[in-house]
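Going line by line, the protein sequences match chains A and B. If you're matching positions, the first sequence starts at 5 in our numbering and goes up one per residue. If you're matching positions, the second sequence starts at 250 in our numbering and goes up one per residue.
It is worth saying that the hints were derived from the structure and are not from the lab. All C-beta atoms, glycine included, are put in the ideal place defined by N, C-alpha and C. One thing to keep in mind: the hints can contain errors.
To be verified - Derived Cβ-Cβ restraints for the label pairs, each shown as a range: (1) B:292 <-> A:167: 27 to 35 Å; (2) A:167 <-> B:478: 27 to 35 Å; (3) B:543 <-> A:63: 46 to 54 Å.
What the hints assert, rightly or not - From chain B, some residues computed to sit far from chain A (all C-beta separations above 12 Å): (4) 309; (5) 312; (6) 321; (7) 324; (8) 414; (9) 421; (10) 470.
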Amino acid sequence: MAAIATEHAPVPVAAPRRQRRSFPVWRWVVLLIAGVYFLLPLYAALRFAGLSAFGTVFKQPGFGAALWLSARLAAMTWVITLVLMVPTTVYVHLRLPGLRRVMEVITILPIVIPPVVLIIGVLQVSPGSLKSTPWLLGLVYVILSMPFAYRSIDAGLRALDLKTLTEASNSLGAGWLTTLWRVILPNIRTALLSATVLIIALVLGEFTMASLDLYVTFPVWIVQFDQLNAQMSEAASLLALFVTWLLLMAITTIATRQNRRKGGGEVTLFSAATTTQTIGES
Amino acid sequence: MANTTDTVTAPGPVTGPGVRRFPPALTRLARFAGILPFTAYVALGLIIPLIAIVIGAFKNPDTGAFTFTNVNIATHGVYLTGFRQSITLSVLAAVIPGVFGLLIAYAIFTAKRASFLRQVVITASGVFANFGGVPLAFLFIASLGSSALVTGWLTDIGINLYNLNFSLYTLSGIVVVYMYFQIPLMVLIILPALEGLRPAWREAAENMGARSWQYWRYVGGPVLMPSFVSCLMLLFGSSLAAYATAETLTSGTIPLTAIQIGSFLNGNVIAGQANVGKALGLGMVLIIAVVMIAYVMLQRRAAKWLR
Numbered sequence: 005m006a007a008i009a010t011e012h013a014p015v016p017v018a019a020p021r022r023q024r025r026s027f028p029v030w031r032w033v034v035l036l037i038a039g040v041y042f043l044l045p046l047y048a049a050l051r052f053a054g055l056s057a058f059g060t061v062f063k064q065p066g067f068g069a070a071l072w073l074s075a076r077l078a079a080m081t082w083v084i085t086l087v088l089m090v091p092t093t094v095y096v097h098l099r100l101p102g103l104r105r106v107m108e109v110i111t112i113l114p115i116v117i118p119p120v121v122l123i124i125g126v127l128q129v130s131p132g133s134l135k136s137t138p139w140l141l142g143l144v145y146v147i148l149s150m151p152f153a154y155r156s157i158d159a160g161l162r163a164l165d166l167k168t169l170t171e172a173s174n175s176l177g178a179g180w181l182t183t184l185w186r187v188i189l190p191n192i193r194t195a196l197l198s199a200t201v202l203i204i205a206l207v208l209g210e211f212t213m214a215s216l217d218l219y220v221t222f223p224v225w226i227v228q229f230d231q232l233n234a235q236m237s238e239a240a241s242l243l244a245l246f247v248t249w250l251l252l253m254a255i256t257t258i259a260t261r262q263n264r265r266k267g268g269g270e271v272t273l274f275s276a277a278t279t280t281q282t283i284g285e286s
Numbered sequence: 250m251a252n253t254t255d256t257v258t259a260p261g262p263v264t265g266p267g268v269r270r271f272p273p274a275l276t277r278l279a280r281f282a283g284i285l286p287f288t289a290y291v292a293l294g295l296i297i298p299l300i301a302i303v304i305g306a307f308k309n310p311d312t313g314a315f316t317f318t319n320v321n322i323a324t325h326g327v328y329l330t331g332f333r334q335s336i337t338l339s340v341l342a343a344v345i346p347g348v349f350g351l352l353i354a355y356a357i358f359t360a361k362r363a364s365f366l367r368q369v370v371i372t373a374s375g376v377f378a379n380f381g382g383v384p385l386a387f388l389f390i391a392s393l394g395s396s397a398l399v400t401g402w403l404t405d406i407g408i409n410l411y412n413l414n415f416s417l418y419t420l421s422g423i424v425v426v427y428m429y430f431q432i433p434l435m436v437l438i439i440l441p442a443l444e445g446l447r448p449a450w451r452e453a454a455e456n457m458g459a460r461s462w463q464y465w466r467y468v469g470g471p472v473l474m475p476s477f478v479s480c481l482m483l484l485f486g487s488s489l490a491a492y493a494t495a496e497t498l499t500s501g502t503i504p505l506t507a508i509q510i511g512s513f514l515n516g517n518v519i520a521g522q523a524n525v526g527k528a529l530g531l532g533m534v535l536i537i538a539v540v541m542i543a544y545v546m547l548q549r550r551a552a553k554w555l556r
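Chain A on its own, in the form it takes in the complex:
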């Protein structure tokens, strides 16, 4: 809000108007280059796969089994991640705000720790009974999904007046669980949805650990099947990419519409707080 005001602010005599004008030009140049860089490979892959592959990819041998395994892993990862991360993040926001920085650093670690290194250690320390099932992967995926899960939950909570909400809920006699379930969760619905989609995207895309742990998840199947039919496997990976992206778009667009109706601002993936921040400043 404040920034819109900036653009319309009376321009002081000293500031030349030419610079204001030249600014959007580089913006479009940057976005154009980015668009070309990101869309061209997708187009090339689409051309290579051919549109007919999208119809038949579901019928390929092994596709169903691999996708089913990945779906179960995603569900498992989703449940554990949210059960673990939501209460922890809420708790840190409310009672240990000084730890938020530490949490940020810990949860960013899985981005920089090589999965190929982590899986060696995990395979070494985990008990044999767990190693012989694919569920070990689900447990490790919880760690891998922390960077994105934590960031979206954190953004969702930052957009709320968490303290007032919990105080109000407590003074109405609600306990911790009721407050979490009936007050906080509905308020961070968008953040939870984004986290969900990002977790699905991660599990549907994680190849390194799954292949080294010797389980045929969806991405591993894509690679194995590539030996038989490269076009099919290209179509499968494009499909996964488009579906997750469309889901995320739908979530943020619907959330923004709802939020606007309630008088709020735009909702984006990790920064639901932006709007409240700017409103507060103006």
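Guided by the hints, dock chain B onto chain A, whose structure is given.
Structure of chain B alone, referenced to chain A:
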């Protein structure tokens, strides 16, 4: 959870009767109980496996005795080259996408009225930042491979990439491919820092007659710099960690540490060297540790101005 009511009255020193039933030190300790499950999970899933690697790096795989042999092998010859190449690759695949990601983030951040554009870019970043591995390699083989679509177009207009020393299957190619998930990652992690740049600062600078470049040279740049560099640290780590894409593109012809570790896991091991993979892992953990310390220090610096 007897002391949940503490939350309500915590800030004031004058609290209701019966709240301070425990000695302060104990209460302070009890407050950390809430993050116990998370801490335990991170310890089991992240910290202990890493410790196991560190220990394994100093163990003789057959006898279990303490030895420096693994580390010695891992820091010489082809493995040393691997570390060198990995670091070169990661620096390139951090700085180039870092600068570009910053420009994109700034472009969509300042486009106040194009909220649809912003939604597209941010959600796409969320998806592409998670996109990697073999499918990503396929995408680029289909477009920039030696006889692929885009390469063909460029040849048609007189640019032969493969005569210009570019090949998808060498370091230069891997950098181009890594940008595909590094740029979106940069957009996502630099946006909060951009949000911290107060519009008021720009207005103040303009009111004092500062030009755009002066604003960036003396206000915006210095404020943003620590965040920017700390984000580069993360990008460095992220490209160091990437494995499957490079493995698919080069099929192991370029020595990169992650690929070398992967080949140990795949069972391509010379007898008696089973733990060299762990020593390589230890090397990577050490590099990551240095990077993360720099990250934390820079973030702390950045926090002075942002938020």
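Inset, instruction - Please name the hints from earlier in the document that this structure breaks, with their numbers sorted from lowest to highest. - result: Those not satisfied: there are none.
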